[in-house]
Amino acid sequence: MSLYQRLRPLYHRSPQERIQVMQTELAAPLDATRRALDRLLQLDAEQTAPLMQGRYDELLDVLRDSMARLETLVAEGSARAQVSSISDRDLHMYRHDLLTPLGNVRGVARLLVCINAPDLPPGFTQVTRDLDDASRDVLDVIDALTASQEREA
13 MSLYQRLRPL
23 YHRSPQERIQ
33 VMQTELAAPL
43 DATRRALDRL
53 LQLDAEQTAP
63 LMQGRYDELL
73 DVLRDSMARL
83 ETLVAEGSAR
93 AQVSSISDRD
103 LHMYRHDLLT
113 PLGNVRGVAR
123 LLVCINAPDL
133 PPGFTQVTRD
143 LDDASRDVLD
153 VIDALTASQE
163 REA
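Heads up, the final residue of the sequence shown is numbered 165 in our numbering, and it's a clean run with no missing numbers.
Since the hints were derived computationally from the structure, they do not count as laboratory data.
The C-beta atom is built at its ideal place from N, Cα and C for all residues, glycine as well.
Treat the hints with care, as some may be off.
As the list claims (entries may be wrong) - Pairwise CB distance ranges (calculated): (1) D77 with L22: 28 to 34 Å; (2) H24 with D56: 46 to 52 Å; (3) L123 with D56: 15 to 21 Å; (4) H108 with R51: 27 to 33 Å; (5) P133 with D43: 20 to 26 Å.
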């Protein structure tokens with residue numbers, strides 16, 4: 013059973029409860045995403061410089077900034093869960109706030125997974141897959157608990 017399938021039945025709980033569950037469930041995939049990003053940042057700069065036609069560092073900047081924004085928004089979720097009058101509309105707006113930086117992370121991860129260049133730094137392929145997988149898990153949690161439309165399996 014996927015993470016999305018496991019969490020989707022909780023969509024019918026109150027917005028406060030869903031945010032609390034989201035806080036708990038996002039901890040592991042956010043940590044995995046952060047670890048993958050940290051590993052990308054530690055790769056040999058000489059070997060990564062020519063990647064993406066020399067724009068690899070710009071992609072890492074987008075990743076770093078988007079990840080920081082995503083982590084800030086998730087941290088703010090605890091405060092939102094404490095508000096007793098949070099509505100489904102508020103939760104929907106929070107969802108969109110989260111999806112913007114997550115979309116950047118997912119987009120860059122997908123670009124990096126597609127790199128097929130000679131002399132890739134050791135571990136590059138695995139760490140980009142790890143980043144893609146972890147960011148997909150973050151999306152699964154957010155979708156399961158905040159998307160009004162149930163997605164296809």
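Verification of the hints:
For the pair D77 and L22, the beta carbons lie near 31 Å from each other, so the given range of 28 to 34 Å is met. At about 49 Å, the beta-carbon gap between H24 and D56 stays in the expected band of 46 to 52 Å. Between L123 and D56 the CB atoms are about 19 Å apart, so this pair conforms to the stated range of 15 to 21 Å. One distance hint, 27 to 33 Å for the beta-carbon pair H108 and R51, holds here, with the actual separation near 29 Å.
Take P133 and D43: their Cβ atoms lie about 23 Å apart, and the range 20 to 26 Å holds.
In this structure, none of the earlier numbered hints is contradicted; all agree with it.
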